[in-house]
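These are the residues of each chain, in order.
There are 2 protein chains.
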Amino acid sequence: MKHRIALVGLGTVGQGLCEILRDHRDRLVEEHDFDPVVVAICDLRLGSLTCDEGLDLENVLELAQSGSSLEEYEDPGHEVRHGGDAISMLESCSADTLCELTFTDLGTGEPATSHCRSALSRGMNVVTSNKGPAALFYRELSSLADEHHVGFHIEGTVMSGTPVLNLARLNLAGNRITAARGILNGTTNYILSEMESGKTYQEALSTAQKLGYAEADPTADVDGLDALAKVTILANVLMGADLRPADIPCEGIRSITPDHIDEARAQGKRYKLIGEVRREDGRVSARVAPMQIEVSHPLAGIMGATNAVTFTCDLLGEVTISGAGAGRIETGYSLLVDLLEIHRSVLQRSEATA
Amino acid sequence: MKHRIALVGLGTVGQGLCEILRDHRDRLVEEHDFDPVVVAICDLRLGSLTCDEGLDLENVLELAQSGSSLEEYEDPGHEVRHGGDAISMLESCSADTLCELTFTDLGTGEPATSHCRSALSRGMNVVTSNKGPAALFYRELSSLADEHHVGFHIEGTVMSGTPVLNLARLNLAGNRITAARGILNGTTNYILSEMESGKTYQEALSTAQKLGYAEADPTADVDGLDALAKVTILANVLMGADLRPADIPCEGIRSITPDHIDEARAQGKRYKLIGEVRREDGRVSARVAPMQIEVSHPLAGIMGATNAVTFTCDLLGEVTISGAGAGRIETGYSLLVDLLEIHRSVLQRSEATA
Chain P
374 MKHRIALVGL GTVGQGLCEI LRDHRDRLVE EHDFDPVVVA ICDLRLGSLT
424 CDEGLDLENV LELAQSGSSL EEYEDPGHEV RHGGDAISML ESCSADTLCE
474 LTFTDLGTGE PATSHCRSAL SRGMNVVTSN KGPAALFYRE LSSLADEHHV
524 GFHIEGTVMS GTPVLNLARL NLAGNRITAA RGILNGTTNY ILSEMESGKT
574 YQEALSTAQK LGYAEADPTA DVDGLDALAK VTILANVLMG ADLRPADIPC
624 EGIRSITPDH IDEARAQGKR YKLIGEVRRE DGRVSARVAP MQIEVSHPLA
674 GIMGATNAVT FTCDLLGEVT ISGAGAGRIE TGYSLLVDLL EIHRSVLQRS
724 EATA
Chain G
374 MKHRIALVGL GTVGQGLCEI LRDHRDRLVE EHDFDPVVVA ICDLRLGSLT
424 CDEGLDLENV LELAQSGSSL EEYEDPGHEV RHGGDAISML ESCSADTLCE
474 LTFTDLGTGE PATSHCRSAL SRGMNVVTSN KGPAALFYRE LSSLADEHHV
524 GFHIEGTVMS GTPVLNLARL NLAGNRITAA RGILNGTTNY ILSEMESGKT
574 YQEALSTAQK LGYAEADPTA DVDGLDALAK VTILANVLMG ADLRPADIPC
624 EGIRSITPDH IDEARAQGKR YKLIGEVRRE DGRVSARVAP MQIEVSHPLA
674 GIMGATNAVT FTCDLLGEVT ISGAGAGRIE TGYSLLVDLL EIHRSVLQRS
724 EATA
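Protein chains in written order, with our numbering: chain P, 374 to 727; chain G, 374 to 727.
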């Protein structure tokens with residue numbers, strides 16, 4: 374069954390998703406009866422493009438990867454509309470689902486939040502890996518989705534495609550999750566891992582920058598702000614809290630020295646930048662801080678750029694999941710898994726009414 | 374919405390499930406619109422009992438935990454039927470779902486497989502943590518379920534309630550899983566962990582027996598037979614193979630000596646009993662054997678009785694999940710999570726046709 378998709382944002386993640394849909398369509402149709410048709414794309418830099426019959430992703434990717442404008446896209450057999458901003462594109466296209474993939478702004482959540490509101494209000498599902506709307510407006514947007522009987526799925530906002538939110542919602546369902554603690558930022562975990570093997574903070578940061586793990590301005594990572602956005606999402610999604618990043622104490626790793634690392638090691642512990650949410654006596658609290666973890670704990674073994682979360686559940690005890698926390702294809706995949714879940718519901722409804 | 378349940382087998386796991394349903398019913402109704410009503414129970418030792426209006430689980434558990442026959446159960450307000458074997462109970466009760474919780478027989482899969490066949494043929498869903506039907510007859514039973522438009526869910530057969538099969542099916546959907554490697558037996562992992570800290574195999578086995586991790590006859594664990602059943606299930610469920618345990622090479626841990634452990638350590642490795650399935654060139658292969666794992670790999674950090682699986686996915690890379698692999702409540706919970714998934718489908722269908 375066809376699933377019609379609008380994409381806002383055709384940067385790294387958007388291109389990753391398009392590559393997956395281009396390369397694995399046969400498998401998706403065969404195994405999931407999921408036939409993705411991208412009907413509209415809007416990108417701040419590359420322009421916008423709508424074709425109700427579906428765009429040729431090979432052509433789209435060639436343009437995007439050569440930095441050419443989407444205005445150059447041609448399809449003699451079908452009506453193609455060019456131009457217009459994201460909102461007007463959403464208003465005029467026939468998509469079942471918006472993939473919101475613009476840049477993250479943790480201050481305002483814009484322009485992504487406006488795109489999500491517009492789509493949900495029009496009865497369009499939204500899937501996004503953008504932390505802005507998820508960290509700042511989750512409650513509003515998920516209510517809006519419920520009101521319009523559509524989905525608002527944000528798996529990719531926490532650990533790219535590695536399942537965290539869907540794991541908790543589907544596979545730990547029926548448990549009371551009393552705590553979630555995780556390594557939610559690959560850059561800082563890479564730096565701390567390098568410091569474990571003897572480097573200073575500055576040396577480790579330089580290596581991370583050379584490898585492309587850290588930005589030239591590493592503030593968002595090393596001051597814990599990226600982990601903070603993810604912790605906010607965990608608190609609000611897993612525990613029904615209504616926190617903002619500004620409500621949550623946050624400390625980064627700049628102050629960690631080789632001496633700290635050595636002292637921890639002497640006690641059988643290892644420093645990790647931990648994002649933590651807890652529910653106690655009905656109250657949800659959260660924080661981000663470097664913490665000493667017993668080396669025998671599953672989180673202590675997570676080295677390099679890998680991410681992980683440990684859930685504490687009342688029935689099942691501790692469950693830990695680890696995997697990629699970033700990456701073009703890995704984050705592109707996070708959108709696919711959310712699309713597949715929405716599609717599964719569509720198929721079940723259509724079977725029930727057949 | 375009520376969900377009517379028949380239980381065959383009221384041993385450790387059956388009692389664990391009943392405790393969960395007794396203690397957490399309000400939460401399940403509130404959060405999942407899932408109102409579990411146990412309408413029939415049959416146990417080889419305790420007898421059988423049917424009441425279409427639902428059994429009082431508090432009374433049932435008191436009888437079971439004092440070793441009293443279910444014949445003594447009384448409910449003046451409702452019609453209660455006593456006696457009969459599992460098959461005749463399934464034929465006469467009004468359950469939506471059978472929870473098959475009898476003992477595992479990896480030779481014949483009986484009597485559990487007959488119970489599953491009977492229920493599925495009557496249009497009843499089946500959830501089970503019994504490795505027999507799952508390891509020996511998965512393909513037949515899942516086809517039978519499809520034919521009758523019901524579910525056959527077996528999450529609890531691999532790592533109790535820790536999500537493995539549901540994780541692969543739901544949260545890794547859209548990936549091609551090319552390999553799954555895991556620590557699937559807590560007893561042997563406990564023994565190997567103790568040997569890491571200096572004990573001989575015999576000393577570690579004795580401790581495991583004292584703690585109740587290992588049976589007086591430890592064959593099923595230490596010769597890898599329990600892991601073998603689980604690997605068979607992974608091969609057949611995750612990779613669509615049609616293997617039997619007898620088709621899969623299997624080596625246990627009896628031959629591992631402290632010298633082996635030391636040699637591995639000198640090379641930065643650690644011995645683990647690994648169950649492995651691989652898909653290469655369209656062919657699925659599987660094996661169980663002690664293997665040396667790099668200490669930096671997530672599986673190497675899994676110590677004691679904890680279980681874990683690493684999936685290798687074409688889009689998402691490696692994802693590792695770890696958690697309990699056994700336990701009364703943990704395995705009882707595995708049935709609940711499968712029941713909740715079946716119930717979710719029921720609710721979606723009922724919403725679609727409303």
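Do not take every clue at face value.
With a straight-line cut-off of 27 Å between C-alpha atoms, the simulated DSSO-like cross-links for lysine-lysine are [as the list claims (entries may be wrong)]: (1) P:Lys572 - P:Lys583; (2) P:Lys642 - G:Lys572; (3) P:Lys572 - G:Lys572; (4) G:Lys642 - P:Lys642; (5) G:Lys572 - G:Lys642; (6) P:Lys642 - P:Lys572; (7) G:Lys583 - G:Lys572.
Residues from chain P shown here face chain G by an in silico Cβ test under 7 Å; the list is partial [stated by the list, open to error]: (8) Met374; (9) Val402; (10) Thr685; (11) Val710.
The following residues of chain P were derived to be distant from chain G, with all beta-carbon distances above 10 Å [to be verified]: (12) Thr481; (13) Thr535; (14) Val692; (15) Glu703.
Quick caveat, the hints were computed from the structure, so don't treat them as lab data.
Keep in mind the model is a prediction, meaning the values are calculated, not measured.
Beta carbons: idealized from backbone N, C-alpha and C, even for Gly.
Evaluation of the provided hints:
This hinted pair checks out: lysine 572 of chain P and lysine 583 of chain P have alpha carbons roughly 15 Å apart, not beyond 27 Å. At most 27 Å may separate the alpha-carbon atoms for a hinted pair to count; lysine 642 of chain P and lysine 572 of chain G meet this at roughly 24 Å. Using a Cα cut-off of 27 Å, the hinted pair lysine 572 of chain P and lysine 572 of chain G is violated, with the two alpha carbons roughly 35 Å apart. For the hint linking lysine 642 of chain G to lysine 642 of chain P, the alpha-carbon distance of about 20 Å falls within 27 Å, and the restraint holds.
For the suggested pair lysine 572 of chain G and lysine 642 of chain G, the alpha carbons sit about 18 Å apart, so the restraint of at most 27 Å is met. About 18 Å separates the Cα atoms of lysine 642 of chain P and lysine 572 of chain P, which keeps this hinted pair within 27 Å; it holds. Among the hinted pairs, lysine 583 of chain G with lysine 572 of chain G is consistent with the structure: their alpha-carbon atoms are about 15 Å apart, no more than 27 Å. The restraint placing methionine 374 of chain P at the interface with chain G is violated, with a minimum CB-CB distance near 15 Å, outside the 7 Å limit.
The interface hint given for valine 402 of chain P is violated, since its Cβ lies 12 Å from the closest Cβ of chain G, which is over the 7 Å cut-off. For threonine 685 of chain P, the suggested interface contact is broken, since its CB lies about 11 Å from the closest CB of chain G, more than 7 Å. At a threshold of 7 Å, the smallest CB-CB gap from valine 710 of chain P to chain G is about 6 Å, leaving the interface hint in force. Threonine 481 of chain P, annotated as away from the interface, keeps every beta carbon of chain G farther than 10 Å; the closest lies near 31 Å.
Distance check for threonine 535 of chain P against chain G: the nearest CB is about 6 Å away, which does not clear 10 Å, and the non-interface claim fails. Distance check for valine 692 of chain P against chain G: the nearest CB is about 4 Å away, which does not clear 10 Å, and the non-interface claim fails. Against the 10 Å criterion, glutamate 703 of chain P falls within the reach of chain G, whose nearest CB is about 6 Å from its own CB.
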